Amino acid sequence: MTDKMHVKLNVNGEDHEFLAEPRELLIYALREKLNITGPHVGCDTSHCGACTVTMNGKSVKSCTVFVAQANGAEVTTIEGLGGPDALHILQESFKEHHGLQCGFCTPGMITRATKLLEENPNPTEAEVRFGIAGNICRCTGYQNIVKSILSAAAEMNAAKEAAQ
Amino acid sequence: MKDEITREERVAGLKGMGCSRKRVEDARFTQGKGNYVDDIKLPGMLHGDFVRSPYAHARVKSINIDAAMALPGVVAVLTAKDLEPLNLHWMPTLAGDKQMVLADGKVLFQGQEVAFVVASDRYIAADAVELVEVDYEELEVLVDPFKSLESDVVLREDLDPKAPGAHGPRKHHNHIFTWEVGEEVATNQVIDNAEVVAESEMYYHRTHPCPLETCGSVASMDKVNGKLTVYGTFQAPHVVRTVASLLSGIEEHNIRVVSPDIGGGFGNKVGVYPGYICSIVASIVTGVPVKWVEDRMENLMSTAFARDYWMKGKISATKEGKITGLHCHVTADHGAFDACADPTKFPAGFMNICTGSYDIPVAYLGVDGVYTNKAPGGVSYRCSFRVTEAVYFIERMIEVLAIELNMDAAELRRINFIRKEQFPYTAALGWEYDSGDYHTAWDKVLKAVDYDGLRVEQAERVQAFKRGETRKLMGIGLSFFTEIVGAGPVKNCDILGMGMFDSCEIRIHPTGSAVARLGTISQGQGHATTFAQILATEIGLSAESITIEEGDTDTAPYGLGTYGSRSTPVAGAAAAMAGRKIRAKAQMIAAYLLEVHDNDVEFDVDRFVVKGAPERFKTMKEIAYAAYNQAIPGLEPGLEAVSYYDPPNMTYPFGAYVCVMDIDVDTGVPEIRRFYALDDCGTRINPMVIEGQIHGGLTEALAVALGQEIAYDDMGNVKTGTLMDFFLPTAWEVPNYETDFTVTPSPHHPIGAKGVGESPHVGGVPCFSNAVQDAFRPFGNRHTNMPHDHWRIWQTANDLGLHG
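Chains A and B are the protein sequences, given in the same order.
Each number in the working numbering comes from the position in the first sequence (counting from 1) with 15 added on.
Each number in the working numbering comes from the position in the second sequence (counting from 1) with 23 added on.
Calculated directly from the structure, the hints in this document are not laboratory data.
Careful: at least some of the hints might be erroneous.
[To be verified] Keeping only pairs whose Cα atoms sit at most 16 angstroms apart, straight-line, the calculated EDC-like set for lysine to aspartate or glutamate is:
{"#": "1", "chain 1": "B", "residue 1": "K45", "chain 2": "A", "residue 2": "E107"}
{"#": "2", "chain 1": "A", "residue 1": "K48", "chain 2": "B", "residue 2": "D62"}
{"#": "3", "chain 1": "B", "residue 1": "K45", "chain 2": "A", "residue 2": "E111"}
{"#": "4", "chain 1": "B", "residue 1": "K64", "chain 2": "A", "residue 2": "E47"}
{"#": "5", "chain 1": "B", "residue 1": "K56", "chain 2": "A", "residue 2": "E107"}
Please read all numbers here as calculations on a predicted model, not as lab measurements.
From just these sequences and the hints, can you work out the full model?
Take a look at the structure:
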């Protein structure tokens with residue numbers, strides 16, 4: 016056991032301060048210290064992406080980020096994307112197109128998808144498939160996930176056009 | 024009351040069977056508000072972690088826990104010695120064997136549980152695991168079942184080598200059972216005298232269901248009230264409660280088992296694992312809740328492998344291709360303990376469905392189970408018990424026979440299918456297939472993909488390859504499968520003595536909404552959505568008004584759980600039957616309210632109407648209210664029903680798949696151009712959910728056929744213990760699938776449904792494999808073993824001399 020450090024994180028717009036061992040992984044700080052249990056642990060080796068969050072504007076796998084590395088960061092998890100009163104378009108789209116089954120990969124998948132559509136608002140199917148290749152789903156075979164993301168992209172673009 | 028809406032609108036308003044109702048589960052999952060076992064946090068909860076064996080076979084000479092116990096935050100370190108006084112150092116397996124909970128004198132596979140550390144947080148527990156000193160003496164390792172059967176090395180010293188096992192006599196100290204079905208002498212006679220015989224040996228490799236959520240449990244012993252609560256990743260929570268009671272001596276009413284949201288199961292979460300037992304014991308010992316959640320490596324190394332069947336087949340036919348006999352022998356590697364999750368009387372599951380979809384007059388199956396230094400398991404990974412093995416076997420044998428006959432494999436299937444008019448059909452190995460229409464399905468698929476055109480294109484490709492114009496071959500993979508799901512009739516199916524019925528209990532509330540509880544548990548299948556649809560149609564209340572609950576043994580009726588595609592065939596049937604009981608009482612209430620005889624009213628979508636006077640009716644909502652506020656002569660108040668359903672037979676979903684693949688012979692990379700899947704699961708409850716199940720099952724089939732493997736080296740080291748080595752396909756590697764269907768309802772199921780979740784996996788694996796093998800057929804390939812990863816495909820090409 017090592018000495019604990021003082022950690023500051025802004026998660027989903029809220030500031031948090033706590034003590035943690037520097038070796039503690041961001042995913043456990045989120046899940047166990049802050050009770051943000053949307054992101055999940057699926058593999059520990061950064062292959063499955065169930066732990067995906069957005070940190071300082073980039074998709075990261077929070078199972079391979081030390082809390083010491085995250086100190087001072089802005090983090091967005093699935094809980095920060097939308098809630099019961101106003102779901103994110105991607106959350107709606109995953110429901111609409113049956114883009115999930117057991118739901119375990121879903122928080123990481125949707126969090127990644129929001130970032131993907133920020134990076135590339137008008138992706139091709141191949142770009143969507145490549146863009147979520149770091150997130151594994153064991154249930155859906157991805158077909159309806161890809162459909163959900165493409166449909167959300169179209170809807171977001173249509174909304175943007177309408178606003179202009 | 025004037026009826027303002029049309030009958031069609033009333034039907035649509037129910038959101039009952041047949042519509043693609045959106046899933047009610049998705050609100051919480053899309054918002055990160057699922058409640059999986061690792062999300063459960065109880066006051067004072069401790070964390071457990073295992074010391075595991077680095078060796079595949081070794082004697083445990085000593086375990087020193089002093090340094091671990093000295094670490095601040097460590098509360099306990101349990102070893103077999105601590106569990107022995109409770110008689111919990113071993114536990115019974117589902118297959119009638121027993122398994123060490125913690126190493127008792129020796130270890131028999133790499134990753135075996137040796138000691139259980141309990142500490143105040145997961146990091147301290149992990150640190151303490153490193154501080155437990157175990158002194159091992161290495162023993163000779165047996166990873167090959169054939170060598171194991173000849174070795175002097177005794178793996179299971181706890182068993183009397185002369186005494187019979189749970190499934191009869193044992194031939195050798197490392198032999199577990201012999202299981203035989205069918206007529207061996209008659210089969211051999213037919214094969215020996217046949218015009219054409221094809222033989223093949225095939226290894227269906229060891230793999231793992233690997234759901235994205237690993238296994239885990241949180242046990243909480245409330246010593247004040249004497250009540251034990253266990254939350255866990257249980258596909259069969261009620262059975263876990265019974266087992267926990269039998270093992271611990273705690274009366275069953277004082278145990279509550281809860282399966283919360285489960286992050287995929289696929290068979291991994293059927294068994295009982297040492298981690299569950301240790302978390303329970305640790306909570307009893309410490310008096311506070313104890314959580315155990317395995318990591319991915321532990322999951323792949325220690326819980327629930329699947330397959331590992333060495334299969335040897337002979338199939339005979341006339342010169343015209345009519346199959347006359349089938350002989351199959353399997354050497355089944357069960358690992359260190361026989362922990363296969365099969366109904367008691369079926370040590371090789373339903374492997375005797377291996378005559379497949381074909382009218383084969385005589386057949387024989389023999390299976391020998393063998394101990395090796397590998398992890399225990401033998402679960403049905405996204406299939407009914409061992410059906411993937413059976414279907415892979417027959418679909419490969421058909422291909423090999425087609426080569427022997429120099430015949431088109433699609434035509435060979437067609438002339439041997441069980442014909443529509445033969446159902447119900449009793450197969451040579453005993454099963455009575457309830458229904459089917461194979462020719463219609465097959466013809467529909469072959470037409471949809473322009474099968475003849477594909478064969479022409481393939482022949483042209485071979486010529487182009489030979490001329491040096493391309494380095495890509497084209498494979499056409501075919502498979503036709505018949506599943507056997509919905510275990511099962513209590514008369515021949517039980518798990519640990521518990522008959523495999525299932526159950527549904529419905530309670531209608533006064534205002535016309537309802538709660539229904541079932542003995543199953545969803546792991547992503549969407550039961551809360553689809554069971555409500557069955558009930559909506561049966562009882563005439565909107566699915567939106569029906570809450571489905573499963574997985575809490577304190578509230579749900581006893582059931583055998585969700586695996587082997589049994590939820591819809593068994594619990595779905597119970598739901599329909601319970602719904603009909605509700606309707607029967609509602610009919611009496613309606614008749615009373617309408618002042619007519621019971622027989623003068625009839626059910627119509629969401630109401631009872633007076634026959635011949637449709638303007639006189641009572642809606643189910645009105646009837647529900649009346650059940651609670653009117654004193655009806657001769658009727659008890661309330662509107663509830665329960666049904667325990669013992670199915671008269673299994674259901675037999677089937678399907679026809681075609682895969683078109685291009686294979687680069689120089690890189691070994693297969694590119695799936697097209698995959699066409701027709702499934703017949705009988706009555707379709709929710710087409711959207713069915714399609715989702717098919718996409719998922721096909722993708723797991725792709726994984727198994729094209730790379731997913733639990734591989735060991737000669738020392739018994741697991742070579743595929745992380746997702747770096749264990750293949751889970753990403754979106755990048757998975758094609759879009761085309762789905763199709765026919766509907767042949769099950770004649771004995773109340774709503775005609777057959778189950779679908781596992782069909783695509785069962786039919787998909789041989790289809791992908793056949794596509795690879797078919798690409799090499801023109802160059803002399805007969806059979807190569809899965810998984811067809813890039814290296815093995817390259818090697819096949821190389822062996823056939825295609826690299827010049």
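To see whether the hints hold, each was checked on the structure:
1. Between the alpha carbons of K45 of chain B and E107 of chain A the distance comes to roughly 11 angstroms, so the proposed pair stays at or under 16 angstroms and holds.
2. Under the criterion of a C-alpha separation no larger than 16 angstroms, the hint pairing K48 of chain A with D62 of chain B is consistent with the structure, at around 12 angstroms.
3. Taken as a hint, the K45 of chain B and E111 of chain A pair is honoured in the structure, with Cα atoms around 7 angstroms apart against an allowance of 16 angstroms.
4. Pair hint K64 of chain B plus E47 of chain A holds up; C-alpha atoms about 8 angstroms apart against a cutoff of 16 angstroms.
5. About 15 angstroms separates the Cα atoms of K56 of chain B and E107 of chain A, which keeps this hinted pair within 16 angstroms; it holds.
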